[in-house]
Amino acid sequence: DIPQLCEEAERLGLDVFSPTQPGFGLSSAFPLDKVRTLSEWPADIELILAQEGIGDFYVSGYSAGGVHALTIANAYVDRVLGAGVFAPTTPLAVERAQSKGQMALPSLFVR
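Numbering (full-length UniProt numbering) for the sequence shown: 1 to 111.
Hint data in this document are derived by calculation from the structure and do not stem from the laboratory. In this text the structure is predicted, and so the values were computed from the model without any measurement. Even glycine gets a Cβ: it sits at the ideal position worked out from N, Cα and C. Treat the hints with care, since some could be wrong.
Pairs of lysine to any residue, SDA-like flavour, derived with a Cα cap of 20 Å [to be verified]:
| # | residue 1 | residue 2 |
| --- | --- | --- |
| 1 | Lys-34 | Asp-44 |
| 2 | Lys-34 | Leu-49 |
| 3 | Lys-34 | Gly-53 |
| 4 | Lys-34 | Gln-21 |
| 5 | Lys-34 | Gly-23 |
| 6 | Lys-34 | Thr-20 |
Label-pair distances were calculated between CB atoms; the ranges are [said to hold, decoys possible]:
| # | residue 1 | residue 2 | range |
| --- | --- | --- | --- |
| 7 | Glu-8 | Ser-39 | 31 to 39 Å |
| 8 | Val-77 | Gly-53 | 18 to 26 Å |
| 9 | Asp-33 | Glu-10 | 17 to 25 Å |
| 10 | Leu-5 | Gly-55 | 17 to 25 Å |
| 11 | Pro-22 | Ser-63 | 25 to 33 Å |
Take these sequences, add in the hints, and give me the full structure.
Here you go:
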């Protein structure tokens, strides 16, 4: 339950940021004819980190957010203190890449 997790984080003195991808939730609009890749996600997160003055941090993701969390953990390996993924799924492109004999998912994102 997300509200309960946020209450627990607040009790521990942690700030919780829950960004959404462009075009989802309350984020800015995103052109429907543009394809977005996971490699663009760290630049979006960097804006939040800089604006909020965040140094080291933890990252987590649920479902499709799991692969986003792992992408951030990989991009900020020197700043991420820990990563958690809950019921993770992968984008179809990654699943297709695996079926063609390419690198397994964990080694794409985790060091």
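Hints, verified against the model:
The hinted pair formed by Lys-34 and Asp-44 meets the criterion: a straight-line CA distance of about 16 Å does not exceed 20 Å. Between Lys-34 and Leu-49, the direct Cα distance comes to roughly 25 Å. Violation of the 20 Å bound is thereby established for this hinted pair. For the hint pairing Lys-34 with Gly-53, the CA-to-CA distance comes to about 30 Å; that exceeds 20 Å, so the pair is violated. Between Lys-34 and Gln-21 the CA atoms are separated by roughly 13 Å; this keeps the pair inside 20 Å, and the hint holds.
For a cut-off of 20 Å, the pair hint linking Lys-34 to Gly-23 stands: about 11 Å separates their Cα positions. Between Lys-34 and Thr-20 the alpha-carbon distance is near 17 Å, which keeps this suggested pair within the 20 Å criterion. Separated by about 32 Å at the C-beta atoms, Glu-8 and Ser-39 satisfy the suggested range of 31 to 39 Å. Between Val-77 and Gly-53 the beta carbon distance is about 20 Å. The supplied range of 18 to 26 Å therefore holds.
Distance hint check: the CB atoms of Asp-33 and Glu-10 are about 40 Å apart, inconsistent with the given range 17 to 25 Å. Between Leu-5 and Gly-55 the beta carbons are some 22 Å apart, a value that agrees with the proposed interval 17 to 25 Å. Restraint check, Pro-22 to Ser-63: a C-beta distance of roughly 18 Å breaks the suggested window 25 to 33 Å.
Going through the hint list in order, the structure does not satisfy hints 2, 3, 9, 11.
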